[in-house]
Amino acid sequence: MKVLVIGAGLVGTEVGTRLRGLGHEVAGTTTTPGKVEALRERLDEVLVLRGSDREAVAAAIAGRDAVVIAAGPSAQKAMTPEDRAASYREILVDTAESVVAAGGAPYLVALSSLSVYGDAADHLDEVTEDSPVTSSTDPSPTMFLAMERVYLDEAGDRSCVFRCGDIFGADDPPIEAKVGMAHQYLGGSVPFSGEALFYRLAVEDAADAIVHALETRITGLHNLTHAEVPPTNAALFDAISAAVGQPALTYRDEIASPKRPISVARLAGTGFVAQRSYDAATLSAAG
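Mapping of the sequence shown onto the UniProt record's numbering: position 16 corresponds to residue 16, and the numbering continues sequentially without gaps.
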């Protein structure tokens, strides 16, 4: 199978390497020319392009059997509504529009976010893929939802969208380091809700789920995270802060996320369950 991975970052590189090891022909994209040499050691081909460049994306997709869209906004550029407004549209929606306009009929797998639910389903016992989504105007859930609509409306019979927890692993800083950076660089203020449950996704589980989708051709929306119910953001982050003598963080609640358990039953019904995403050792800090 010939696969194009748009966004050879944390998840894209992991899944590309996994697919290549399984014998597939894998091309990956980056917007940074300086990363090409290192990526060539893990992928068959590396292309430098932006997802918003329709002609370049169309040329890259031509002849491919499947496209994995793993491009996502940088956390460093997502700490204020202004930063999110500047980056999310291009990285998520413009890329989606380029992909579906490219022609052909490759199978598509795209990564979205659990933040699309916001707090709209907090009156339910659990959050499923059929639960209501947020009406927030923040650029994060707004652009993720717009991206989902492009894939599902324009290529629904050949697209799978995973709504993911916060992805971690590889060279991604550990939770403790991220909490430290929030104190050091953001004045102890973060844009999300303290009462939301801290759902995460190991990069290895993300890659496994994408491979599973490519092999089984599942379609539609699927929640992708661990089945275990985690502590809240505030319970975990404030325990980490207290352990090093820092005050509790301030939670601005600009990006609301679910406070109710996330159901992964739909994806489990296709034969996939995340095995490495529940970090019990770290989460035990929350008591």
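It should be emphasised that the hints constitute simulated quantities derived from the structure, not laboratory data.
C-beta atoms are modelled at their ideal positions from N, C-alpha and C, and glycine is treated no differently.
Misleading hints may appear alongside valid ones.
What the hints assert, rightly or not - Okay, the calculated beta carbon distance ranges per label pair:
id: 1; residue 1: Pro173; residue 2: Gln275; range: 35 to 41 Å
id: 2; residue 1: Met181; residue 2: Gly34; range: 21 to 27 Å
id: 3; residue 1: Asp171; residue 2: Val244; range: 43 to 49 Å
id: 4; residue 1: Gly104; residue 2: Arg252; range: 41 to 47 Å
id: 5; residue 1: Gly23; residue 2: Gly180; range: 28 to 34 Å
Now the hints, each set against the structure:
1. Taken as a hint, the range 35 to 41 Å is violated for the pair Pro173 and Gln275, whose Cβ atoms sit roughly 23 Å apart.
2. The beta-carbon spacing between Met181 and Gly34, approximately 23 Å, falls within the hinted interval of 21 to 27 Å.
3. Remark: the range hint 43 to 49 Å for Asp171 to Val244 is contradicted by a beta-carbon distance near 22 Å.
4. In this structure the supplied range 41 to 47 Å holds for Gly104 paired with Arg252, their Cβ-Cβ distance being about 43 Å.
5. With their beta carbons about 42 Å apart, Gly23 and Gly180 fall outside the hinted range of 28 to 34 Å.
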